[in-house]
Amino acid sequence: MSVAAPLLAVEGLTKSYGGIHAVRGVSFSLRAGEILALIGPNGAGKSTCFDMLNGQNKPDSGHVRLLGEETTGKKPREIWRMGVGRTFQITATFATMTVRENVQVALISHGKQLFNLFGSAPKFDRGEAGRLLELVGMGGYADRPCGELAYGDLKRLELAVALANQPKLLLMDEPTAGMAPRERVDLMRLTASIAREKSIGVLFTEHDMDVVFEHADRIIVLNRGTLIAEGSPAEVRGNPQVQAVYLGEGLVYDARHREGAST
Amino acid sequence: MAFYVVQFLTGLASAASLFLVASGLSIIFGVTRIVNFAHGAFYMIGAYIAFTLTERLSGAFGFWGSIVLAALAVALIGVLVEMVLLRRIYHAPELFQLLATFGLTLMVEDLVVLIWGPDDLVGRRAPGFKGAIDFFGQNIPSYDLFLIVLGPVVLGILWLLFQRTRWGVLVRAATQDRDMVAALGVNQKWLFTSVFAVGVFLAALGGALQIPRDAVHHAMDLRIIVEVFVVVVIGGLGSIVGAFVAAVLVSELNAFGILIFPKISIILVFLVMAVVLIVRPWGLFGKPEAAARKTPGLTVNPWRPLTSNERLASLAVLVIAATLPLFAGNYALTVGSEIAIFVIFAVSLHFLMSVGGLASFGHAAYFGLGAYGIAFLAKMAGLPMIVCLLLGPLLGCMGAAVFGFFAVQLSGVYFAMLTLAFAQIVWSIAFQWVSVTGGDNGILGVWPEKWAASPSHFYWLALGVAALVTIALRIAVFSPFGYALRATRDSVLRSEAIGIDAKRIQWTAFVIAGTTAGIGGALFAYLKGSVFPDNLGISLSVDALVMVLLGGVETVSGAVIGAIVYKALNIWLVSQTDLSKLVLGGFIVLIVVVFPKGIVGMLEMLAQRRRKSSPPRSPLLAKPIESAE
Chain A
1 MSVAAPLLAV EGLTKSYGGI HAVRGVSFSL RAGEILALIG PNGAGKSTCF
51 DMLNGQNKPD SGHVRLLGEE TTGKKPREIW RMGVGRTFQI TATFATMTVR
101 ENVQVALISH GKQLFNLFGS APKFDRGEAG RLLELVGMGG YADRPCGELA
151 YGDLKRLELA VALANQPKLL LMDEPTAGMA PRERVDLMRL TASIAREKSI
201 GVLFTEHDMD VVFEHADRII VLNRGTLIAE GSPAEVRGNP QVQAVYLGEG
251 LVYDARHREG AST
Chain B
1 MAFYVVQFLT GLASAASLFL VASGLSIIFG VTRIVNFAHG AFYMIGAYIA
51 FTLTERLSGA FGFWGSIVLA ALAVALIGVL VEMVLLRRIY HAPELFQLLA
101 TFGLTLMVED LVVLIWGPDD LVGRRAPGFK GAIDFFGQNI PSYDLFLIVL
151 GPVVLGILWL LFQRTRWGVL VRAATQDRDM VAALGVNQKW LFTSVFAVGV
201 FLAALGGALQ IPRDAVHHAM DLRIIVEVFV VVVIGGLGSI VGAFVAAVLV
251 SELNAFGILI FPKISIILVF LVMAVVLIVR PWGLFGKPEA AARKTPGLTV
301 NPWRPLTSNE RLASLAVLVI AATLPLFAGN YALTVGSEIA IFVIFAVSLH
351 FLMSVGGLAS FGHAAYFGLG AYGIAFLAKM AGLPMIVCLL LGPLLGCMGA
401 AVFGFFAVQL SGVYFAMLTL AFAQIVWSIA FQWVSVTGGD NGILGVWPEK
451 WAASPSHFYW LALGVAALVT IALRIAVFSP FGYALRATRD SVLRSEAIGI
501 DAKRIQWTAF VIAGTTAGIG GALFAYLKGS VFPDNLGISL SVDALVMVLL
551 GGVETVSGAV IGAIVYKALN IWLVSQTDLS KLVLGGFIVL IVVVFPKGIV
601 GMLEMLAQRR RKSSPPRSPL LAKPIESAE
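Which chain is which? The protein sequence lines are A and B, in order. Heads up: the first sequence begins at 1 in the numbering used here, then just goes up one per residue. Heads up: the second sequence begins at 1 in the numbering used here, then just goes up one per residue.
These are calculated hints, taken from the structure and not from any lab test. Keep in mind that a hint or two might mislead.
Distance condition first, Cα-Cα at most 25 Å in a straight line; then the derived BS3-like pairs of lysine-lysine [claimed, not checked]: (1) A/Lys112 x B/Lys503; (2) A/Lys75 x B/Lys503; (3) A/Lys74 x B/Lys503.
Now the stretches of chain A that chain B is said to cover, found in silico as 3 or more residues with beta-carbon under 8 Å [as the list claims (entries may be wrong)]: (4) 90-97; (5) 118-132.
All residues carry an ideal CB built from backbone N, CA and C; glycine is no exception.
Please build the complete structure, drawing on both the sequences and the hints.
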């Protein structure tokens, strides 16, 4: 990837609701294969920011570019077609379909066969669907109804679905929310290894600081709609402004992290 | 000028009853999330009981006492129904609740005839309001003035009830989030029962108050329920003020529509409803519904295409069905043709409803359009039958393309209501545009050509088309499009996130379903030799729903079985008993309560149990979000 056009470039993103500035002039960029965490306390504007990246919300001003191409104002499905996969904070899957069928739907959409009325969907790209499920460790669950899966497995399924269109960028909204601690580590390790191997850029929001500091290459911090810090995990951890925003949570984190490291 | 004022006042008077019934429906829906189809039935029973009581009890006190007593008695019946029936199905999908209450309505229609006879009953005038008041040369019945005052008074009482009493606070809280209210330790059972009782009381009161104005008859339930649906949809489900404003709006539209557009007076109301739904899908005073907590997951067996053995078995059944003319008489063949046609109708709705998750309450519109298409082509253009059969369904296709475009902008209950409204519009056109459609007299003499005229030939034609249609739609279910359609049903959010234009997919499905229904309608026109507005009426739409649900809405083959069983039972019952609706209604209620998965769903469950292959569910795989109600 050339240095000139980063994978994702966000410039001066702004959104207000009435008098409240949810997001004010946020700019950052993301390289291919990089894992970037977007953090901030509740109400910092993370979700608003995220929704503007994936097309669910339109910014008042500012630009989002994917490999130099404008995505601002496009619909979620158009942004997906440009090569952006995503997972949701609360999983959204097709509950009455099997795990494999969930992936197949994404593959059907990727292959532009959505209006094919006569083909056989059960046979559609079965091999590729199997490979994607293997990749996320769900190979043994392919014929399970999706509604029977445990939450952690649903998150992994979402990852497989998000990878179906060979995305350049993955947007993950609180990927580990609602998961057990061990599942969190597993899922993020998996995501990181896939991202590095396939050179996919990953942007994720997260409340769990363990997850953030362990897996992010770089962190950006939002507070009250503005970007207050940006840098490597170490830099962000040492940033007094960030510590102030989190009301000393960084220190608590340090103590906990040392304990955790010894086990 | 005076004339218009009087017309306006008449409209206001009609609004009172409508408001009472609609507010009852709205309150019940708000708390229990049940769209109570039987609400019209309670309205009707209220009128009948009030009639009997007012005949027995004399004097002013007797009359007004009877009205209140009748409403209370019906409320008691409502409590019984809630405790015996509804409590068992609160956790069922909303469609089943609708179906159960529809079954109840059918039963009541026959019971009412059984008890009070089939004739219209003209009730007593209200003591103290017998005369009319002169208004610049125009007469206004004084009872109308009483009703005009009553409406706002009831609105005020309800407002006080909801704002000033503990019960009212609980009801409002439950309307917002009933799970939360239950979590706070409120006894939901009794809250639901009391809410249902109040709602039914209002419906019955509305019915009882109508007796000095209108004759009491056994079809008044369907007429009111459609109007009430329109009112609550315009006003916003769950909003009392909305129900009031919309009741006034609808009644005035009716009152003035007749003066201004005598030809399309019926359409006017439905047009307004369609516009409101498109501009403000949750109604004028309603709130956008929070995303329903869908939990279909655990209940659904994964769908799969037929195995080769099953295909052979189906083929064998088809061959056996094709031998019917060898031993059956003409009557049986005609019945067979009708069943085959209803299989087409049912599978077309199944495609939209089970695969697409879009429960249309007006699917008969496209069936009927297909039938009228045939009538126009054959009678007016004089085209040969084959050409007619190919082109006739296109009218259904066009109707579905136009209405479907608007309908798929909505979902859930509102989608159902909008499709119902569109079907009523089409029905009104067929009914009122006499010069083209023949109105109530229909179009007669649409007979098949010689090659298809004999009962056996026509039976083979119908059977063949039904088989083709069923196979084609089955292929579509397991096509990439079918997967995409199921995807939009399960999660629009996820669908859009993987590049699926959900509305376009759903619109396409709507057009496919409408066209297929049109094919059924086309054959139906030839079978009956005539076309009537009833061919696109509500009861036919409901028939289709019942057939799909009876077979099993979560199965792939359910619609076929459901259509055969329902239609055969229907025809047989009509020939055997005068109380066919009572038996059929009871049967529907039984199915919903005892076999909520439908016939095919139940068979699948039994087969699975016998194989003992029900997938092992380790506790680790337990569902993370416990099934919400």
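Results of checking the hints against the structure:
1. A/Lys112 x B/Lys503: holds, 16 Å
2. A/Lys75 x B/Lys503: Holds: A/Lys75 and B/Lys503 sit about 13 Å apart, inside 25 Å.
3. A/Lys74 x B/Lys503: It holds: about 16 Å lies between the C-alpha atoms, which stays within 25 Å.
4. 90-97: The restraint on the stretch 90-97 of chain A holds, since 6 of its residues have a Cβ under 8 Å from chain B and three suffice.
5. 118-132: holds (count 6)
In summary, the structure agrees with every hint in the numbered list given earlier.
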